[in-house]
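Asker: Full structure from sequences and hints, please.
Number of protein chains: 2
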Amino acid sequence: MIEIEHGSGGKKSSELIDQVRKILKTRSAWKNTDDDGAVFNLGGKKIVFTTDAFIVDPIFFPGGDIGKLAICGTINDLAMMGAEPIGISLSLVIEEGFPQKHFRKIIQSISEISQKSKVSVVTGDTKVTERGKIDKIEITTAGVGIAKYILPNTGAKPGDVVISSGNLGKHGAALLAKRFNYTTKIKSDCQPLCNEIRSVAKFLTSAKDPTRGGIAAVLNEVSEKSKVKIILEEERLPFKKEVAAIADLLGIDKFALPSEGRFVATVPKSKAEKAVARLKKFNRKAKIIGSVEKGRGVYLKTIIGSLRKIEVPEGKLIPRIC
Amino acid sequence: MIEIEHGSGGKKSSELIDQVRKILKTRSAWKNTDDDGAVFNLGGKKIVFTTDAFIVDPIFFPGGDIGKLAICGTINDLAMMGAEPIGISLSLVIEEGFPQKHFRKIIQSISEISQKSKVSVVTGDTKVTERGKIDKIEITTAGVGIAKYILPNTGAKPGDVVISSGNLGKHGAALLAKRFNYTTKIKSDCQPLCNEIRSVAKFLTSAKDPTRGGIAAVLNEVSEKSKVKIILEEERLPFKKEVAAIADLLGIDKFALPSEGRFVATVPKSKAEKAVARLKKFNRKAKIIGSVEKGRGVYLKTIIGSLRKIEVPEGKLIPRIC
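Chains as they are written, first to last, in numbering that gives the first Met the number 0: chain F, 0 to 321; chain L, 0 to 321.
Keep in mind the hints are simulated off the structure, nothing from the lab. Treat the hints loosely; a few may be bogus.
[As the list claims (entries may be wrong)] 30 Å max Cα-Cα, derived DSS-like pairs, lysine-lysine:
id: 1; chain 1: F; residue 1: Lys135; chain 2: L; residue 2: Lys21
id: 2; chain 1: F; residue 1: Lys11; chain 2: L; residue 2: Lys104
id: 3; chain 1: L; residue 1: Lys21; chain 2: F; residue 2: Lys117
id: 4; chain 1: F; residue 1: Lys104; chain 2: L; residue 2: Lys135
id: 5; chain 1: L; residue 1: Lys115; chain 2: F; residue 2: Lys44
id: 6; chain 1: L; residue 1: Lys308; chain 2: L; residue 2: Lys186
id: 7; chain 1: L; residue 1: Lys24; chain 2: F; residue 2: Lys44
All of these numbers come straight from a predicted model, not from anything done at the bench.
Answerer: Rendered as C-alpha cells:
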C-alpha cells in the first residue's frame, strides 16, 4: 500500500522512486545526473528537462498560491542544474465547481512569475474532473532549459563552504501556520531563482533548493552524492526567530521546513565571499552557513562546540504544503 | 464556476484554454502552431514540447490502464507534430492507501510502451496525497521531441483526401462499456503511433489523433485551422459495427468517441494510395474515409447522397475516460 510517507521527501520517497526507476529500466541518450532533471546533448548544447506535481493545502497562502508555487518550482529545478529555462508546460486538473475567480487568480500568479522571470508557458493541458475526484486543483509543470554546463549534486568538495541564498523555511512556516490557524506575519519565500543562480553559478560546486524535507533532506543528499561531510554552524543558521518558533510550536524540526525560493550551495572557500556578495544584491540575508569536510553525513556544530547529527527526515513530515 | 463541460474537448474547453492563454500573454521564442505542442528552434533543429494530464475512471480497462494511456498520449502528441520523441517526464500523484500491486502494474505498463517504442522516461516526480484529495492516481506526462519539419493543423488543402490509420472509437467504446457494465470484447486501441506516423509523415498535409471529442472535434479543428470543408463518406466510415452499436446504446455520437492509438490525416490525392498501403502494414483497416474541398465545416455524405453536418461536440460528452 502506498503510504503518505512515500511522498515525504525522506527515505520512503527514495525507495518508491528507486522502485519506479527499476521497473522503467531507463536506458537512453539522457544522462541521469541524479539531479531533479534529465540532461540531453543536442548539437553541443545541453537540454535539461524536469517536472513537478503540485497538490497543496491551502491553495492560497501568505506570499503566493499553488500557481506561483508550480511555476517557481520548475524554474528553480532548472536553475539549480545551471540551466536557463526556455519554456514551461502547464497541466491543470480542476475539480468541477472550482470558482472561476480562484482559477483566474492562480493563472494570473503564473503569468506574473512568467513575465518577471522572462520564462514563458509554451504548452499545456486542461482537464476537469467530476466532484470529489480531486481536491480543488492539481497543477503539474514541466520545464525545458539549456545549460552550458550542469551544476551537479556530486560536486561538493572538502574545503568548500556552504552558503545560503537567504533565510530558510519561510514557505513551510507560513503554510503550516495558516493550516493550524496560528497568526503570524511570516510569508512564503516562493520566488523564481534563475537570476540569483545565474549571478553565481560559475563559482558553485553544487546547488539545491531545499523544498520537500528542507535542508535536512537536501544537504544529506549532497553529502551522500558528493561523498563529503557537511558541518553547519549553529551561530550562522539561516532561520528567522519566528520561523524557528513556529517549527518548535508545531513540533517540527526546522531543518525539515521547506523553502520555495531559496537555495543552499557549496563553493570553494576562495570564492565564497564573492559569491555571497553577489547574492546579497538579491537578498541581504545571504551568507556562509557551514563548511564541507572529508567524511559523510550532515552535522550541526552547536555554539558550545558539540556536534549534533542532522538526519534525513523520516515518516510523515508535514501536511502536503509543497 | 468551472464546469465539467470545460474539460469536454468541445467548445467550452476552447473557451477556457483561450482564457488561460490571454492571462498568460504568451510571448516567446516558441512558435505556437496551435498544435498540441510548442516548437522551439535550436541550432537548426526543431524541439517540440508537449504535456497531458490523465485522471480516468476506470484506471484499468480492457486493452490498457492509465499508465499506458499517459505515455501513449504524450508520444502521440509528439508524433502528430512530426517529431521523434526523445524523452518523457512522468509525474505521479497517488492517493494514500493505493495498492502497491496496482502501482507496480501501472509503472510496468509504462515501461512496456517505453521499451516497445524506444522512448525513455527520463525524469519524474512522485507525490502522495492524503485520502480523499485525489481519486486513486493522477498521471501527467510531458514530452520532448525533435522534428525536421512540423506537421501543422493548418495544412489541409482542397483536393486532399482524408485517411484513417484504422478503425476508430474503440478506446471510448471499451471504457464506456466497462463503466456501464456492458459486456463486450472491444478493447481500447491505446498504442504509440510514432512508427506509423514516421512511415507516412512526408506525404501528409495534416495529422491529428482523435482523442477527447473524437473525429467530431479534431476534424472540425482541422477544417477551421486549414480553412477547408471536410466530407466523410458514410460507406467508408472507420467504425467497427460493435463500436457503433455501443455508441447508439449509450446515446453517444460515435463521431465523438475517443481513440488513443489512431490518427486521421489529410494527404494529397496523388499520394493517398501509397500512404494507405504503408499504413496497412501496421493496421489492415487503414483506409481513405473522405475528402477535402473548398469551404468550411465537416459533413457526412450519406449513402443516399445527402449531407449531414458533424458538429463540434458540446456539453458533457462522456465521463472522464481519456
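Asker: Of the numbered hints stated previously, which ones are contradicted by the structure, given in increasing order?
Answerer: Hints that this structure does not satisfy do not exist here, as all of them hold.
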